[in-house]
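Enquirer: Now for the letters of each chain:
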Amino acid sequence: MLKRTCRWLLALNVCFLAALPAAGQDFVFGTNQLSAEISQAVAPASASFSLVNRSSLNDSTVSTIRAGLLQALQSRGWKIGRPEGNEVAIAITLNENYRNYVWTAEISKATSREVRIVELVKGISGRAQADNHITLSRYLLVSSESPLLDVTLPEGKVGEGAHLLALTTAAIQLFQLQSGKWRPLQTQPLGRGPLPGRDMRGRIASNQSGGFDAYLPGVHCIGTATSSLNFSCRQSDDPWPLADDRQSLAFYAPSRNYFNGVLSSPNGQSGTVNAFFSAAILSDRVAFTNVDGHASVVQAGKSAPIAGKWGSSIAAVQSSCRTDLALASAAGDFQTADSLSAYEVVNSEFRPVSESMAFTGPIMSLKTATDHQQAIAIATTPFGRYEAYLLTARCGT
Amino acid sequence: MKRICLLLVAALSLAPIAWTASRPRFGGTLRVEVRGAISSFEITDDANASRALLRDLVLSNVCDRLITLNANGDPQPSLATTWRSERDARTWYFVIRDGVNLQSGTVLTPQAVITALSAQNPDWHARASGNELLIQSETPVPNILYQLAAPHNSICLSGNNGQWIGSGPLQIGDFQPGQQIELRAFDDAWQGRPFLDRVRIQMGRSFADQAADLQTERADLIESDPTQTRPAAAGTLSFTEPVELFALAFTPNHPANADPSVRESLARSLDRNSIHSVLLHRQGQPSASLLPEWISGYDHLFKSTQDVSAARQLRNPLGSLLPLSLTFDANDDLARLVAERAALNAREAGITLQPRAENPSFRWFNADVRLVRLRLGSPDKGTTLSKIGSILNVPKLQGAQSAATPEAMFAVESDALKDYSIIPIAHVPEAYIRASTVHDWSMTSWGDIGLADLWVEAPK
Numbered sequence: 001m002l003k004r005t006c007r008w009l010l011a012l013n014v015c016f017l018a019a020l021p022a023a024g025q026d027f028v029f030g031t032n033q034l035s036a037e038i039s040q041a042v043a044p045a046s047a048s049f050s051l052v053n054r055s056s057l058n059d060s061t062v063s064t065i066r067a068g069l070l071q072a073l074q075s076r077g078w079k080i081g082r083p084e085g086n087e088v089a090i091a092i093t094l095n096e097n098y099r100n101y102v103w104t105a106e107i108s109k110a111t112s113r114e115v116r117i118v119e120l121v122k123g124i125s126g127r128a129q130a131d132n133h134i135t136l137s138r139y140l141l142v143s144s145e146s147p148l149l150d151v152t153l154p155e156g157k158v159g160e161g162a163h164l165l166a167l168t169t170a171a172i173q174l175f176q177l178q179s180g181k182w183r184p185l186q187t188q189p190l191g192r193g194p195l196p197g198r199d200m201r202g203r204i205a206s207n208q209s210g211g212f213d214a215y216l217p218g219v220h221c222i223g224t225a226t227s228s229l230n231f232s233c234r235q236s237d238d239p240w241p242l243a244d245d246r247q248s249l250a251f252y253a254p255s256r257n258y259f260n261g262v263l264s265s266p267n268g269q270s271g272t273v274n275a276f277f278s279a280a281i282l283s284d285r286v287a288f289t290n291v292d293g294h295a296s297v298v299q300a301g302k303s304a305p306i307a308g309k310w311g312s313s314i315a316a317v318q319s320s321c322r323t324d325l326a327l328a329s330a331a332g333d334f335q336t337a338d339s340l341s342a343y344e345v346v347n348s349e350f351r352p353v354s355e356s357m358a359f360t361g362p363i364m365s366l367k368t369a370t371d372h373q374q375a376i377a378i379a380t381t382p383f384g385r386y387e388a389y390l391l392t393a394r395c396g397t
Numbered sequence: 001m002k003r004i005c006l007l008l009v010a011a012l013s014l015a016p017i018a019w020t021a022s023r024p025r026f027g028g029t030l031r032v033e034v035r036g037a038i039s040s041f042e043i044t045d046d047a048n049a050s051r052a053l054l055r056d057l058v059l060s061n062v063c064d065r066l067i068t069l070n071a072n073g074d075p076q077p078s079l080a081t082t083w084r085s086e087r088d089a090r091t092w093y094f095v096i097r098d099g100v101n102l103q104s105g106t107v108l109t110p111q112a113v114i115t116a117l118s119a120q121n122p123d124w125h126a127r128a129s130g131n132e133l134l135i136q137s138e139t140p141v142p143n144i145l146y147q148l149a150a151p152h153n154s155i156c157l158s159g160n161n162g163q164w165i166g167s168g169p170l171q172i173g174d175f176q177p178g179q180q181i182e183l184r185a186f187d188d189a190w191q192g193r194p195f196l197d198r199v200r201i202q203m204g205r206s207f208a209d210q211a212a213d214l215q216t217e218r219a220d221l222i223e224s225d226p227t228q229t230r231p232a233a234a235g236t237l238s239f240t241e242p243v244e245l246f247a248l249a250f251t252p253n254h255p256a257n258a259d260p261s262v263r264e265s266l267a268r269s270l271d272r273n274s275i276h277s278v279l280l281h282r283q284g285q286p287s288a289s290l291l292p293e294w295i296s297g298y299d300h301l302f303k304s305t306q307d308v309s310a311a312r313q314l315r316n317p318l319g320s321l322l323p324l325s326l327t328f329d330a331n332d333d334l335a336r337l338v339a340e341r342a343a344l345n346a347r348e349a350g351i352t353l354q355p356r357a358e359n360p361s362f363r364w365f366n367a368d369v370r371l372v373r374l375r376l377g378s379p380d381k382g383t384t385l386s387k388i389g390s391i392l393n394v395p396k397l398q399g400a401q402s403a404a405t406p407e408a409m410f411a412v413e414s415d416a417l418k419d420y421s422i423i424p425i426a427h428v429p430e431a432y433i434r435a436s437t438v439h440d441w442s443m444t445s446w447g448d449i450g451l452a453d454l455w456v457e458a459p460k
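Those sequence lines, one after another, are chains A and B. Here the first sequence is numbered in the working numbering, starting from 1 and rising by one per residue. Here the second sequence is numbered in the working numbering, starting from 1 and rising by one per residue.
Please keep in mind that the hints were generated in silico from the structure rather than gathered at the bench. Ideal placement from N, C-alpha and C gives every residue a C-beta, glycine not left out. It is possible that some hints are incorrect.
Said to hold, decoys possible - Computed footprint of chain B on chain A; a stretch qualifies when at least three of its residues, placed anywhere within it, have a C-beta under 8 Å from a C-beta of chain B:
1. 98-108
2. 255-262
3. 283-289
4. 326-339
5. 365-371
As the list claims (entries may be wrong) - Pairs of lysine-lysine residues, derived as DSSO-like cross-links and limited to a Cα-Cα distance of at most 30 Å, are as follows:
6. B:K396 <-> A:K79
7. B:K418 <-> A:K109
8. B:K418 <-> B:K396
9. B:K303 <-> A:K122
10. B:K396 <-> A:K109
11. A:K109 <-> A:K79
As the list claims (entries may be wrong) - Which bits of chain B does chain A cover? Going by a derived footprint, with three or more residues having C-beta under 8 Å, they are:
12. 137-145
13. 186-192
14. 287-298
15. 386-396
16. 433-441
17. 446-457
Can you make the complete structure from the sequences, with help from the hints?
Expert: As structure tokens, this is what we get:
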């Protein structure tokens with residue numbers, strides 16, 4: 001009968017704590033584990049019970065843990081009562097270190113003191129949801145633990161059966177949209193590593209015949225991606241396309257993190273500008289974020305500074321009501337959250353025309369998609385994940 | 001009208017052009033100032049926190065380790081790409097990264113790794129087979145990954161002048177002992193060249209001098225007094241977790257303190273709470289444990305409250321006692337205050353402590369008690385305890401390397417503290433102030449600063 005009652009009480013304890021928010025399952029384990037260890041250290045008897053919270057757990061969670069612990073101890077045969085008249089005193093402290101919740105039990109009996117410690121891994125709190133306002137919208141393409149350098153949509157669209165190519169520092173990955181989810185079809189190592197870099201960048205661009213080019217510092221890969229991946233990589237200093245339409249090319253400084261300013265285009269036109277991080281190619285001008293810290297715009301061979309507070313990632317995009325928009329990340333360090341805003345040219349000045357779209361981490365890459373209607377951004381999260389987004393500038397709210 | 005146009009032009013030409021900041025920029029020199037000073041390149045752990053801070057800063061950017069810790073304190077591959085263990089963590093295998101360039105122009109070999117690790121870990125038996133390194137130990141080393149991520153296990157060779165040569169992003173350039181170290185970018189670093197061209201570290205600068213230099217734009221990054229919540233200079237203030245331990249350490253086998261009652265009486269006389277609130281301005285934590293709360297989570301199990309009557313009861317039967325000398329670092333103002341307060345508390349219990357300042361050129365070798373300020377340097381319990389054990393010569397603490405459970409770790413620490421040869425007082429954080437031109441600042445909660453990913457704006 002006693003055994004049955006104990007089992008029932010333990011089951012009740014599990015149900016009770018399972019209803020806790022956040023890391024509730026850990027607390028079920030924790031209460032049972034600690035009560036078991038206390039009972040192992042000292043044979044169950046009459047005891048007083050106290051609990052102190054030194055951790056960041058809130059009052060309601062603490063009172064639930066307290067109730068759970070009392071139940072778990074009682075189910076193991078402890079008779080919990082007032083301090084007076086009890087030879088055993090159980091003092092629980094809920095504390096934490098940088099990694100775990102740490103629960104300690106000090107079991108005092110006469111002059112002896114036993115200590116038991118249980119560690120519970122802290123749950124990861126839900127990451128902050130970013131706002132999404134007015135004209136800029138985004139669609140999460142893929143999320144990856146390994147560093148994503150760039151992605152491209154070979155068919156130029158997102159629809160059932162569409163493909164996606166992702167470039168990482170070590171491989172190219174092929175995904176397909178199946179039942180609304182991007183499922184990995186194939187991952188193929190590059191075979192040739194890029195030159196080492198602290199702020200590694202890369203570019204992958206597809207063409208209409210199923211082929212693609214991938215560029216990393218000192219490496220150029222050429223291949224095809226239809227239902228499977230087939231490519232080879234070679235050492236190369238070939239210029240990189242600045243956007244997915246491949247109309248403008250620029251030479252990348254392989255041991256740095258920027259383009260050296262030498263421009264090229266498939267039709268043989270070339271030119272030189274200041275070294276830059278990224279460019280937004282508009283219909284009659286090109287904006288650059290330069291390595292000297294300034295943003296500038298080049299029109300008809302003349303360069304002029306941009307007096308806007310821009311980050312280093314920019315790209316051009318079109319919407320149904322504005323043909324020339326520049327998307328620009330915000331100024332800030334790589335450790336901070338980032339945001340994107342849209343700007344349009346009015347009287348030769350770039351003026352913001354959207355509310356900023358927040359990202360939880362820095363934007364690592366931004367480029368114009370093949371159709372110019374969309375842009376692709378790679379951003380990191382505070383938890384170290386890399387996320388690729390398809391960005392659209394819509395008119396109105 | 002013409003005048004208005006001219007005014008507009010003038011106004012526009014004066015308007016500041018916004019910086020585009022996100023992407024790191026290459027080039028420039030970071031000017032750092034610190035209190036500590038070193039006159040040679042010693043890799044062993046240092047009992048002086050300010051010297052240890054400087055050593056760790058240079059070491060972690062010049063020499064890599066087999067393992068590195070990410071911001072959450074999780075072990076990550078560095079010079080070792082993969083690892084596995086056998087025989088209950090008594091045998092460990094590490095695959096050494098291929099093609100790692102050293103600053104000497106050679107390539108890292110497993111033999112160089114063995115030489116570096118064997119010097120610091122005499123209990124380990126290391127040998128190489130191809131690019132695989134085998135480490136064996138008589139006792140289990142479950143926390144070996146954290147041990148290997150500690151500064152003293154940096155893989156460094158010794159250059160002609162004894163300077164460290166490693167595979168890190170910065171290499172040692174000009175070195176003026178006790179005054180200045182210049183670090184230069186290592187272009188062939190396996191993780192890529194750092195953004196900075198140079199880091200110039202001025203040593204032996206007081207807090208006041210550092211603040212003045214930051215204020216006058218002669219420094220970009222300085223230390224700050226961690227007990228002052230209001231920064232002494234304009235800039236961005238960053239604190240670590242409490243990573244330095246203040247403790248009283250009795251000199252082993254010293255006749256003046258052979259009686260454990262003297263040590264326990266002194267321990268019970270300490271008013272840690274007032275030291276914390278008055279001297280530390282509530283920064284850090286009063287503590288009777290070696291490990292701070294943020295590392296262990298169980299420091300509350302070590303009772304830290306003052307009990308003068310118990311201290312007197314322990315002291316009184318001992319009759320007349322000779323005064324005990326208490327040494328502290330003459331260059332550490334906070335240490336002086338803590339030593340004086342400890343002497344005051346001891347007097348209440350009937351023990352005479354005589355504070356004496358010492359510096360590298362003048363040491364009291366016959367001191368009875370030393371006030372130590374140790375830099376812990378790791379978020380790992382076992383690594384931290386064994387480091388304290390090495391510095392304070394407490395062999396019992398080496399048992400922490402084999403402790404696999406929190407209870408076992410607590411038992412090791414309790415055992416080491418039970419004879420009161422070491423009396424912890426408080427844990428304090430470290431603080432830094434950086435100029436607004438310093439970007440992508442990255443510091444772990446245990447005070448590891450990554451200079452390689454940091455960049456500075458060019459002078460305007």
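Enquirer: Are the hints correct? Go through all of them and say.
Expert: Right, here's what the structure says about each hint:
Counting residues of the stretch 98-108 of chain A whose CB falls under 8 Å from any CB of chain B gives 7; the rule of at least 3 is met. Taking a C-beta to C-beta cut-off of 8 Å, the stretch 255-262 of chain A contributes 4 residues in contact with chain B, enough for the three needed, and the coverage statement holds. With 1 residues carrying a beta carbon less than 8 Å from a beta carbon of chain B, the stretch 283-289 of chain A misses the three-residue requirement, and the given coverage is violated. By the rule of at least three residues with a Cβ nearer than 8 Å to a Cβ of chain B, the coverage given for the stretch 326-339 of chain A holds, with 8 such residues.
A stretch counts as covered by a chain when three or more of its residues have a beta carbon under 8 Å from one of that chain; for the stretch 365-371 of chain A and chain B the count is 0, and the coverage is violated. At most 30 Å may separate the alpha-carbon atoms for a hinted pair to count; K396 (chain B) and K79 (chain A) exceed this at roughly 39 Å. In summary, the hint linking K418 (chain B) to K109 (chain A) is supported, as the alpha carbons are separated by about 20 Å, within the 30 Å threshold. With a C-alpha separation of about 11 Å, the suggested pair K418 (chain B) and K396 (chain B) falls inside the 30 Å cut-off, and the hint holds.
The hinted pair formed by K303 (chain B) and K122 (chain A) meets the criterion: a straight-line CA distance of about 26 Å does not exceed 30 Å. A threshold of 30 Å between alpha carbons decides the hint, and for K396 (chain B) with K109 (chain A) the separation of about 27 Å falls inside it, so the pair holds. Our distance criterion of 30 Å between C-alpha atoms is met by K109 (chain A) and K79 (chain A), whose separation comes to about 15 Å. Residues of the stretch 137-145 of chain B lying with their CB closer than 8 Å to a CB of chain A number 0, which falls below the three-residue condition for coverage.
Requiring three or more residues with a Cβ within less than 8 Å of a Cβ of chain A, the coverage given for the stretch 186-192 of chain B holds, as 5 such residues are present. With 6 residues bearing a CB less than 8 Å from a CB of chain A, the stretch 287-298 of chain B meets the requirement of three and the coverage assertion stands. Figure legend: the stretch 386-396 of chain B, annotated as covered by chain A; annotation inconsistent (0 residues with Cβ-Cβ distances under 8 Å, at least 3 required). Evaluation of the coverage hint for the stretch 433-441 of chain B: fulfilled, as 3 residues show C-beta separations to chain A shorter than 8 Å, against a requirement of three.
Only when three residues or more bring their CB closer than 8 Å to a CB of chain A does the claim for the stretch 446-457 of chain B stand; here the count is 3, and the claim holds.
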